[in-house]
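Trainee: Taking the working numbering, the leading residue of the sequence shown gets 141, the next gets one more, and so forth.
For the record, the hints were derived by calculation from the structure and aren't laboratory data. Any given hint might turn out to be false.
[What the hints assert, rightly or not] Calculated pairs, DSSO-like style, for lysine-lysine (alpha carbon to alpha carbon, straight line, at most 27 Å):
1. Lys264 with Lys339
2. Lys385 with Lys470
3. Lys385 with Lys345
4. Lys456 with Lys181
5. Lys524 with Lys456
6. Lys331 with Lys320
7. Lys345 with Lys435
8. Lys521 with Lys469
9. Lys361 with Lys324
10. Lys353 with Lys320
11. Lys456 with Lys470
12. Lys320 with Lys339
13. Lys429 with Lys462
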Amino acid sequence: MTTLEKIVSLAKRRGFVFPGSEIYGGLSGLYDWGPLGDELKFNIEQAWWRDAVQLRDDVVGISAAIVMNPKVWEASGHVTSFSDPLESGERFNTMFGTSVGVGEEAVTSYLRPETAQGIFVNFKNVVDSLHLKLPFGIAQIGRAFRNEIAPRNFIFRTREFEQVELEYFVKPGDDEKYFKEWVKNRLNWYKSIGLKNVKPREQSKEERAHYSKATIDIEYKFPFGVGEIEGVANRGDFDLQAHMKASGVDLSYLDEETKERYVPYVIEPSAGVERIALALLCEAYTEEKDRIVLKLHPRLAPYKVAVFPLLANKPKLTALAKSIYYDLKKDFVVAWDDRGNIGKRYYSQDEIGTPYCITVDFESLEHDDVTVRDRDTMKQKRVKIKELTSFLRDKLS
């Protein structure tokens, strides 16, 4: 088996990712997140939102509708330009069409191929409601849909996916400075969550999207080759100008200090959560002598800690272990396992990336302490029960 095949197998077997509609034979390019995958996905999104939005003073979030007035996509250029080439040389528009309404009142629209347009059409609403001053960003996490001609490489290229996207509005002339800053910011973020094999690559003019002045792809070295996990684009004023022209609504910005009115330029960091998740799984997947380990960054691991009674048939051990389990659940996402021998339980948690395992044994009943095992080193340490929460918080921070 190739490394990717092993990861795909683990992902299904341990509940990270399932083929969509599998009991009916599935459907190409569509996948379902399992229980552990959903936790991983949530942790990625939460980490991105925390770092890109909540810890900054210049970024706010919105959540726009998936289906929008079709005029949005006409104005943005997606109806005419969002296409891929077929083998015949023809262009194939990759937007999914849909119908809104009934009978003669029905309107043909699209499932959004990106979340960005929901931000652009709400630019004025956000500025007017919060009185934001440039530079500032508007962020969004949400579903996007693209009718890919050839979905491939597991969850790398799919027809339905989750985007984490941010539009950072700047004064014209300041765009190159902020473009460089955001490229650096995004590269550092990926390294902070444990991705080492990331590198920037500038797109050629022929590669760039119809709206882009410049684009840097942040690429990861997957088992199947180098692939983009995020693009940072300088969209100029393309989108706001296009929507101003099509809607007749003034989307310019009044600089209160200079009294100058202009249409802001936009820097866009945009990534797919599925691609980030796949990169993390590839980076974390480790085969050692007699075990498989997912060395996920603790911030992203589905479970932060697992609790075991040494023997499931000893009521006192089980009762104490359950007490610790429920107490830790107040602060962490915790797994419980009392099946099989302790060694198999350790290896089972290693395989899904749980950073720490706590074993309650007979010594715990006498001394009010437990064994804490580290996933990566397999080293064990006795820790007082009353100190567990602070110990884990320190280790997981």
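Trainee: Indicate, hint by hint, whether the structure satisfies it.
Mentor: Evaluation of the provided hints:
1. Proposed proximity of Lys264 and Lys339 is contradicted: the alpha carbons are some 35 Å apart, above 27 Å.
2. A threshold of 27 Å between alpha carbons decides the hint, and for Lys385 with Lys470 the separation of about 52 Å lies outside it, so the pair is violated.
3. Under the criterion of a C-alpha separation no larger than 27 Å, the hint pairing Lys385 with Lys345 is consistent with the structure, at around 25 Å.
4. Taking the CA atoms of Lys456 and Lys181, the gap is near 37 Å; set against the 27 Å cutoff, the hint is violated.
5. A hinted pair counts as satisfied when its Cα atoms are at most 27 Å apart, and Lys524 with Lys456 qualifies at roughly 18 Å.
6. Of the supplied pair hints, the one linking Lys331 and Lys320 holds, its CA atoms being roughly 17 Å apart against a limit of 27 Å.
7. The hinted pair formed by Lys345 and Lys435 fails the criterion: a straight-line CA distance of about 38 Å is larger than 27 Å.
8. Of the pairs offered as hints, the one joining Lys521 and Lys469 holds, with about 21 Å between alpha carbons and a cut-off of 27 Å not exceeded.
9. Between the alpha carbons of Lys361 and Lys324 the distance comes to roughly 18 Å, so the proposed pair stays at or under 27 Å and holds.
10. About 13 Å separates the Cα atoms of Lys353 and Lys320, which keeps this hinted pair within 27 Å; it holds.
11. For the hint pairing Lys456 with Lys470, the CA-to-CA distance comes to about 22 Å; that is within 27 Å, so the pair holds.
12. Between Lys320 and Lys339 the CA atoms are separated by roughly 14 Å; this keeps the pair inside 27 Å, and the hint holds.
13. For the given pair, Lys429 sits about 32 Å from Lys462 by alpha-carbon distance, which is inconsistent with the 27 Å threshold.
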